[in-house]
Amino acid sequence: MEYNFKEIEAKWQRRWQEEETYRVEADPTRPKFYVLDMFPYPSGAGLHVGHPLGYIASDIYSRYKRLCGFNVLHPMGYDAFGLPAEQYAIQTGQHPAVTTERNIARYREQLDKIGFSFDWHREVRTCDPSYYKWTQWAFLEMFKHYYDRSTDKAEPIEKLVARFEAQGTEGLDAACTQEMRFTADEWKSKTEEEREQILQNYRLAFRADTMVNWCPQLGTVLANDEVKDGLSERGGFPVEQKQMKQWLLRVTAYAQRMLDGLERLEWSDSLKEIQRNWIGRSEGAQVFFDIQGSDRKLEIFTTRPDTIFGVTFMVIAPEHEWVHDLTTPEQRAAVEEYIAQAKKRSERERIAETKRVSGVATGSYAINPFTGKAIPIYISDYVLAGYGTGAIMAVPAHDSRDYAFARHFGLEIIPVVEGGDIEKESYDAKSGKLINSDLLDGLDVKEAIGRILGEIERRGLGRRLVNYRLRDAIFSRQRYWGEPFPIYYKEGTAYPLPEERLPLELPPIDNFGPTEQGEPPLARVKEWTTPEGYPLEVSTMPGFAGSSAYYLRYMDPHNDRALVGRAANEYWRNVDLYVGGIEHATGHLMYSRFWNMFLYDLGYVCEPEPFKKLVNQGMIQGRSNFVYRVVGTNKFVSLGLKDQYKTQEIHVDVNIVRNDILDLDAFRAWRPEFKDAEFILEEGRYVCGWAIEKMSKSMFNVVNPDYIVDNYGADTLRMYEMFLGPLEQSKPWDTNGIDGVHKFLRRFWALFYNREGQLILTDEKATDKELKTLHKTIKKVREDIENFSFNTSVAAFMICLNELGGCPKREILEPLTVLLAPFAPHIAEELWHTLGHTTSVCDAQYPVCEEKYLVESSFEYPVSVNGKLRFKKEYALTLSPADIQADIVRTDEAQKWLEGKAPKKIIVVPGKIINIVI
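Position one of the sequence shown corresponds to residue 1 (full-length UniProt numbering), numbered consecutively onward.
Read the hints as simulated data drawn from the structure, not as lab findings. Worth double-checking, as some hints may not be accurate.
As the list claims (entries may be wrong) - The calculated BS3-like cross-link candidates involving lysine-lysine, where the alpha carbons are at most 30 Å apart (straight line), are: (1) 868 - 905; (2) 133 - 32; (3) 646 - 694; (4) 772 - 872; (5) 612 - 694; (6) 272 - 731; (7) 113 - 153; (8) 344 - 245; (9) 901 - 872; (10) 779 - 612; (11) 153 - 188; (12) 272 - 228; (13) 694 - 344; (14) 133 - 159; (15) 743 - 772; (16) 852 - 868; (17) 113 - 896; (18) 245 - 297; (19) 872 - 912; (20) 780 - 635; (21) 188 - 490; (22) 612 - 272; (23) 242 - 765; (24) 905 - 779; (25) 743 - 765; (26) 242 - 32.
Said to hold, decoys possible - Per label pair, the in silico range of CB-to-CB distance: (27) 216 - 735: 42 to 48 Å; (28) 180 - 344: 33 to 39 Å; (29) 527 - 256: 43 to 49 Å; (30) 283 - 664: 56 to 62 Å; (31) 882 - 268: 51 to 57 Å; (32) 902 - 747: 26 to 32 Å; (33) 185 - 606: 41 to 47 Å; (34) 105 - 403: 46 to 52 Å; (35) 527 - 330: 50 to 56 Å.
All C-beta atoms in this analysis are idealised placements derived from N, C-alpha and C, irrespective of residue type, glycine included.
Working from the sequences, and respecting the hints, build out all of it.
Right, here's the structure in full:
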């Protein structure tokens, strides 16, 4: 009987669903293990072969842990809100809910075909009101709390109000946007609106003016990763920096706890380092520089206060709140022009372009507090408003970017004195030279920093300060397809909706674009008010809102009274294994940790960290193609001519490109915005650019897994994706080796059935050699699974079959079937029942390696004649060297090389080598 994978896989997928094989409930009698995948955004393109890579790995581990006796929670759902669905709605008029539902159905069909052990009765969708009710609830809890540094946790805002009533801000140490000072009487004298403005300075969910990536054509704020070269990734529209009133989450309040928590996590060192750098803790000094001719002082933060003697100019960010006040009339036009250009560049671009130098003088001067020298104040986009104070003291002899800036603008660079360095020198204002400072003479850098910090505080110039690079998270998007904010406004002041009114559901809408005034789509809805008639917030929450606590909802998905019930959380606790891409290191993983720590402070969850162990799967890479749009037009220029124009590189669907030649009609039909596209051709053809990149829907270079499943089977796809290479490494998609994996499964099947379809299984006793092969494989595969080395597991299975040959013995095949089940569950389930079992192979016991079968009883000696390897001969390890010497000379192989001569010497090194000397 041939291995009919189509029939077998369809049969068991149906049976698993009917029998709810993968349904799981809390069971205090069994140890729990929670395995989680980063859930997908359901796009219209469906899954590509890169998506299952991490899912297959987690599924193998889930099945393995179940076989080892664990009660395994392995859920799946959909990150269903997002800009792509909304843009499609704007272009076609079709409601995002309709397209999202269709896309989810497509994903579910593909996931089921691959045979994952997901507990689908726990499915969550972030666009489901019964789910986002709890996202809204969590937001309201953040709105109602502040972070008290004295208790190092979130506290009710009522506690802060009571403190203000009793003593104002005296002795207060709380996370805030800016330091405030007022007395109890001053607080009591303020209006309700004024009090709320003060509380917004402390709330963990708050509303404030902030710089954002604003795309006028899309009518929304974009995240940094949605902007490339000053244009939106979707549509290629101009993006500018704009100050807008937005909702934010005070993630920075938890910066130190997130840093400290990394030490307790089983994450890779590289991932931890990414988060440490993103949080960016630095110790230094807050220093105030007087401004010439003004009562104001310019605040800066520096980690190297000892270099203050070498400061020759100051730089402020283009968004700094004092730009207008510091700019002199003579410099006004130049400054306004520079700021207009700076708005077109995202923060990510400004950080990345380290060699680019640009700036403009304000015309104002600051005073160096240690030297008394007047130094010019410049504006440059290499300084960011959100990091530190948005202003820096520039030491060109010490910092490479400051140095490049000084060289570009002809500013003073204080030279390093021979035999000394900038850290140990000071500037003499009278002589204009660098001289040894009594403050720093003979000190190393650490000592010098401490000395100057002391002087700064002693002179009242500033104070010691810990700073973080981490920013508060912008939590508003000017879109329709997202979670509505449970906030209404009364005379411009924000108020929370009562919890009993949740969920606040999205209203029906016909036009999904922004209003003519640039307001979000919800502003079109006249009834978007509370029952009392107060207007509701018209922005919606961003994509990461729904994904920040989804792992908690999986624990208790049908609870209508809590995000997660106490009993469910105390059993499942947190995620034991999380599998997903490292690209989420500074987004989703940071926000989830913040969200979890906040809920932990409030007592809603019992673990301070959400994900104990995290494994980053590598990317499956594909071949991408590009077209080149002439900026500001709908005209596209061929690869060989693109340097003659200013162009934007855009990914194009590889399915409408053949040998890098674009199908022009297919391109016009591909997306609505390209229907009127014009082309500048070379030799009558449009040649596309190309690159090997991550396989991704956003790069339109995906390969559909359905073809592999239809032609080779899901078990082949599962094993082949693991066989491509180490899980953590990226690798190109290549189907050249898929036949080998499929052949392995056919050979495994042939151990049970002959070509005529007859069962050839026997109860014959296994040989020692067969048992050794089996238990060697058990040990290897178990170790590989624990180490996520799935590629070497697949190789071990192949080696095992080669060593076993045609072994149809139940004693070997039964444990081998269980061993294979996590990798190829369909064929394993079928053969498990062929072996006579009536329960699922999922409930079998994982084979145990018996070391006694691995003990070597013999050794195959390499035999050398006069130092050259000539043949091999196996002897029992119990034989003495004398017995081996007596036997080896009598063998036909030895006699061939002795040619009738007596050997001069026979050297036997037990368990290693035999050397015959003639």
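Report task. Against the earlier hints, flag every one the structure doesn't satisfy and list their numbers going up. Result -> Violated: hints 7, 16, 17, 20, 23, 24, 26, 32 and 34.
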